[in-house]
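Visitor: Order-wise, the sequence lines are chains A and B.
Here the first sequence stands for residues 1 to 542, where the numbers follow our numbering.
Here the second sequence stands for residues 1 to 348, where the numbers follow our numbering.
Be a bit skeptical, because a hint or two may be false.
As the list claims (entries may be wrong) - Residues from chain A that keep clear of chain B, each with C-beta distances beyond 12 Å, as calculated:
no., residue
1, ILE14
2, TYR19
3, GLU78
4, LEU117
Stated by the list, open to error - No farther apart than 25 Å at their CA atoms in a straight line, the calculated lysine-lysine pairs in the BS3-like style are these:
no., chain 1, residue 1, chain 2, residue 2
5, A, LYS243, A, LYS258
6, A, LYS104, A, LYS362
7, A, LYS25, B, LYS206
8, B, LYS171, A, LYS9
9, A, LYS9, B, LYS258
To be verified - Between beta-carbon pairs, the in silico distance windows are:
no., chain 1, residue 1, chain 2, residue 2, range
10, B, ASP39, A, ILE14, 34 to 40 Å
11, B, LYS267, A, ILE14, 41 to 47 Å
12, B, SER159, A, ILE14, 24 to 30 Å
13, B, LYS267, A, LYS370, 52 to 58 Å
14, B, VAL340, A, GLN108, 56 to 62 Å
15, A, GLY541, B, LYS78, 37 to 43 Å
16, B, ILE208, A, ILE14, 46 to 52 Å
17, B, PHE30, A, ASN26, 49 to 55 Å
18, A, ASN512, B, GLN118, 28 to 34 Å
19, B, GLN175, A, GLN108, 40 to 46 Å
20, B, LYS267, A, ASP360, 55 to 61 Å
21, A, HIS136, B, VAL340, 44 to 50 Å
22, B, LYS323, A, LYS169, 54 to 60 Å
What the hints contain is simulated information worked out from the structure, not anything from laboratory work.
Note that CB positions come from ideal geometry on N, CA and C, so glycine has one too.
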Amino acid sequence: MPKKILKVKAVDSIYNPSYPSYEDKNPLLYPETRPYPFSHRFINWAAKGGLASILLIGGHSASAQSDTDSLYNTFPLENAGVPFVPAMFGTGNPERLRSEDAKKIILQAFRESGIELEKNVRLSDRPDVPLTGYSHKDNIGFVYMDYNNMDYSFKKTFLGKDERGMDLKKATKKWEEKIEREFKRFLKDKLKYISGMDGKMTYGSYLRFTQILKIISPEKKSKRKFREAYLYFDLRKLEENYKGRGDIREELIVNVEKRFGPSLKTFLLQESINRMSSNHDRSQEFKNTIEAEIQKLIELKSDTQFVKNCKTLIYFLAYNHNEYHFRNNEKYQSLKLEVMCTYPVHKWLKNMDKLDAYHDHKYLSLEEAKRIDKDNKKGKKYIAPISMRDNRMIVRSGYSITPDELKEESQQLRKEIDEHPGLFSEVRYTRKKEMEIIKSKYEPGELSPMTQERKDSILRQRKEKLNHYDSSSLGSIEEEYKAIQILTEKEKDYYRIKFYDLQQRKNLWLENNKELARMKTMRHLEDQVKIYIKWAKSQMGN
Amino acid sequence: MSHNTIDQSISFLDNELQRLDISELSITFFGGEPLIEKDKIFYIIDAFEQRADLTVSYRMSTNGTMLTADLMQRLYSKGVFISLSIDGHPDVHDAHRVDAGGKPTSHKVEQASKIMLQYNPATNVTCVISPDTASQLCESVDYIYNLGFRYITTTLDYSADWGLEHFAMLKKSYQKLAKWYLQKMDRNERFYLSFFDERIRSRTHKPISAHERCLIGVKQFSIAPNGELYPCIQFVKTHSLPEFMIGHVTEGFDEACKTHLHQQSEKEKPECAGCKLESRCSKWCSCINFMSTGRIDKASPIVCYNEKILIEIVDRTADKLWKKRNNHFIHKHYNEDYQVISHFEITL
């Protein structure tokens, strides 16, 4: 291929950088002093030579670079830690400042900077959410983003806006995939597959299913039979679940089977109806409306229309804009009821504007947060998007660290106990000897001429015997070696008290340390807000 | 250059200085390798030392292969500012820089580095990037930095045969280098990297006006070994280039030719019309244009491709530093005293 000749070509579209150009205000002229970032080496040299005055070159005081010596937008969205991956409690997430504390300290920082913020301000243009605090006079404020006002778009697991309506095709595909997996397991080891259901054998559906499976041979051509058996099993399992409930949903489920027989469509519809939350039945009016709709459904002659309306009903009742909180939100649910009472079922999904508006009015979307950030950076409106997911909200208490003096005391106590005659040293010595005997008896190097089975067996025995010495079984060990412990009850009490006292002091220290860390986090947040305010003011030319 | 031509050149310069009433002169010794003729260099310096009414500064670019501690001491004592040519780590350097016998020179350059940094920690290194070494740019810069150099002037070999594939490689190298630059800035380290710092400067400072430039043949000219005068060292070849010759030390300047060349170089470049990067790119440099296209009035496509890639990467890097309000970045590019202070810090 001939080499392409390079040609000069003018560009009409370029990346627009945001760092100040020669036409912008020089960042060094901002109201806050920005010290020259002398290197530590230089400062040391100057200080040693008594040349401190040289550090004032350019009118700036000496300082090595630090995070706090600059004036800048401290709350750009990229530092807000959003979007985030939602995680359950107890998953090792760090502790963060509580929203109330954070809001309190932010408001205080504004107050101390001479700005009184009005709470829960709604601006006439945008964003369409209440700002946590805003001053019309100073054109500055903030919106605190936490679980109460961040919508689903802030969550990384959100895969896009839901299609409005229930997707039977998707559900069918998912079920078929499940069958594929189950059948593979069945083919691999039929006995194991059946025995895996042992624990559930008390249910009729399981019993019946395993009986059928026993007569199906584990080969590829049996897939159709396996599928039928599984469908039958799923249908019966569901029946066991809903039967006897005696509510209107049961009537609808029965009606589905009457219409479509024992089919996959029946199962998928029934399963969805069964899952329909009873939360929606909280008000009598709501309950009556649902019952009336279900009654209408049952009476429908057209099966096609039945499926269509049924899907809408299931979807509409479960729908909550992906906001879990809306399930118990009276206003939201009353708006739903309004839709249900005003329109026929087939028009519900087309008349959700009020629900959308309510959601948008209450929740902030990531897009809106981006707009706030953009306006902030462009100097249109100074609203800091402060997020609970921001790393600055993390309370870094370092709870696993204990102070040196307590650590030393603990080691000292341990040493004292260790050195006490007849206490642990003898026990440890005896245990060590016993473990060595076990290890040498079951030495893996001497097992090589054995069969794999024999080898596994001996290794298992070795493991079991050594497990006995594991610290988790310390209670039984202590009991076993009691005879060689010569501590008197008085001596034991002495150590118990000492340990307890030490532990108490450790706990107290940790608690204090945590509180200190919380205060430190709050102080840092306060400083950051103050820098933000100064920065915003400097941008406004104040 | 023969002794006779040297004397004629000194005499020519004397006349010109008197004629134009100039009291400051900057002389750059260039080659090939100028240290081959070290005695002649000291001869010229000695000759100008006798002129009490004249302030002369000396510069020289060397490949370092002939530099010894004694020689460095002599040059240092005479106030010669030396720039060392290192293209990168040994593999890269030896790909293009071998001695007359074809042997690699990187080990000699490493020795020269130590000598030079001992005398001047702020020594500048010129690093030339060729199409075949483009992929190693970041590693090369890092190597030079680790040798101890803090002023690194990077430039492309504009006379080389660059293709699109080389620019694709270069782009990756620039992206890598951007990370390197960010890391050094975050660590508050003092250094100058022309590829990045000059591009940032082209935004933080007004575009260079026409009279601030080298003004081909007007403010700057070169004397060839045979006494011919050219607008810049890039025009000094082993053979004469009559169309770019602007005079001879024995006859003085050919003013008509000088003016013509200057006008040619200042001509608008229609191929650049409307380009949004026009004010930030060095399409005005006649020497680069000449090396790349053989003409001084035609913008270099190598410059064009390079600037388009590089400026965006540099701007994005600078944005990251600005967003963090990196104090070092702000002083480096907005504090007029920075160059002096940082030079002092480096030489400390």
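Visitor: Can you give the numbers of the hints that this structure goes against, from lowest to highest?
Guide: Of the numbered hints, 1, 2, 3, 9, 10, 11, 13, 14, 15, 16, 17, 18 and 22 do not hold.
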